[in-house]
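We have chain A already, so just place chain B on it with the hints.
Protein chains: 2
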Amino acid sequence: MKAKGSNAERQLVEMFWEKGYAAIRVAGSGSSRFPCPDVLASNGQKTFAVEAKATKTNYQYFRKDQIEQLINFSQTFNSEPILAVKFSTKWYFFYLTNLSITKNGEYAIKKKDAEEISISFEELIS
Amino acid sequence: MKAKGSNAERQLVEMFWEKGYAAIRVAGSGSSRFPCPDVLASNGQKTFAVEAKATKTNYQYFRKDQIEQLINFSQTFNSEPILAVKFSTKWYFFYLTNLSITKNGEYAIKKKDAEEISISFEELIS
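Protein chains in written order, with the numbering used here: chain A, 126 to 251; chain B, 126 to 251.
So here's chain A without its partners, still in its complex pose (with noise of 0.2 Å):
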């Protein structure tokens, strides 16, 4: 799971260097005592924090305290929260403003919605 976690990460770093981006994985992110993003991007005009996540499965949640760490970091930072989903092989982008939030707080992504709701990565970034 980790593995995976990192290797996805490491692809979205990449993504963002081939666009004239600036972009780093950031350390411990799952463990660190102070919110924290899982990657940090910009090109000195826009700056995202990016919580990202890859899987298999047609659905993914983000916990409500990752969601509120994200919030909060990128409020003091001054970036742009985002949230990134590989599903199986394709990336989606999403705007916090754009996700329904479950009963606990939780940010859940349908695949088969995830066309409509989300942004590609050319979006994202011009």
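A couple of the hints might just be wrong.
[As the list claims (entries may be wrong)] Just some of the chain A residues that point at chain B, by a computed CB distance under 7 Å:
id	residue
1	Ala147
2	Arg150
3	Val151
4	Gly155
5	Cys161
6	Ser167
7	Gly169
8	Asn183
9	Ile196
10	Phe198
11	Phe202
12	Asn203
13	Tyr232
Keep in mind the hints are simulated off the structure, nothing from the lab. It should be emphasised that the depicted structure is a prediction, and the values quoted were computed from it without experimental measurement. Glycine included, each C-beta is placed from N, C-alpha and C at the ideal position.
Frame of chain A, contents of chain B only:
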């Protein structure tokens, strides 16, 4: 060596958070194929890309390629490149312009000169 470096970086991250900055350690900063700093910190107004070292000796150098990477990263990310050295227990912060370069293109800092050519953490973040 590696643990010492990571602990120093963690301490820096903590110092930034205490002063209202969002800060993270960069994963694989010594091994990534993309240029990256050790620590990134921003309060939304100032953003620092920090190459950090800790030493118990009286001398610390930074390799030419490390400095070049730090500069390259910062130009894209729009961060200020900073060197941080913890000599024994005390941190010193350096703007690149205040440092002398050896014949090999290294940046060399002697502990006895550190006080004079460094800035304090408070000066850095204010």
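Against the structure, the hints:
Checking Ala147 of chain A against chain B: minimum C-beta separation of about 4 Å stays under 7 Å; hint holds. Hint status for Arg150 of chain A: holds, given a least beta-carbon distance of 4 Å to chain B, under 7 Å. Residue-level restraint check for Val151 of chain A holds (minimum Cβ-Cβ distance to chain B is 5 Å; threshold 7 Å). A hinted interface residue such as Gly155 of chain A counts as satisfied when its beta carbon comes closer than 7 Å to some beta carbon of chain B; here the least separation is about 11 Å, so the hint is violated.
Taking 7 Å as the C-beta cut-off, the interface hint given for Cys161 of chain A holds, the closest approach to chain B being about 5 Å. Here the hint on Ser167 of chain A is kept, as its CB sits about 5 Å from the closest CB of chain B, short of 7 Å. Interface hint at Gly169 of chain A: satisfied, since its Cβ lies 3 Å from the closest Cβ of chain B, which is below the 7 Å cut-off. The beta carbon of Asn183 of chain A comes no nearer than 29 Å to any beta carbon in chain B, farther than 7 Å, and the hint placing it at the interface is violated.
Evaluation of the Ile196 of chain A hint against chain B yields a violated restraint, the C-beta minimum of about 11 Å exceeding 7 Å. The interface hint given for Phe198 of chain A is met, as the beta carbon of that residue sits about 5 Å from the closest beta carbon of chain B, less than 7 Å. Taking 7 Å as the C-beta contact cut-off toward chain B, the hint placing Phe202 of chain A at the interface holds, the least distance being around 4 Å. Below 7 Å, beta-carbon pairs count as interface contacts, and Asn203 of chain A has one with chain B at about 3 Å; its hint therefore holds.
A distance limit of 7 Å between C-beta atoms decides the matter here; for Tyr232 of chain A the minimum to chain B is near 21 Å, and the interface restraint is violated.
Of the numbered hints given earlier, the model fails hints 4, 8, 9 and 13; all others are met.
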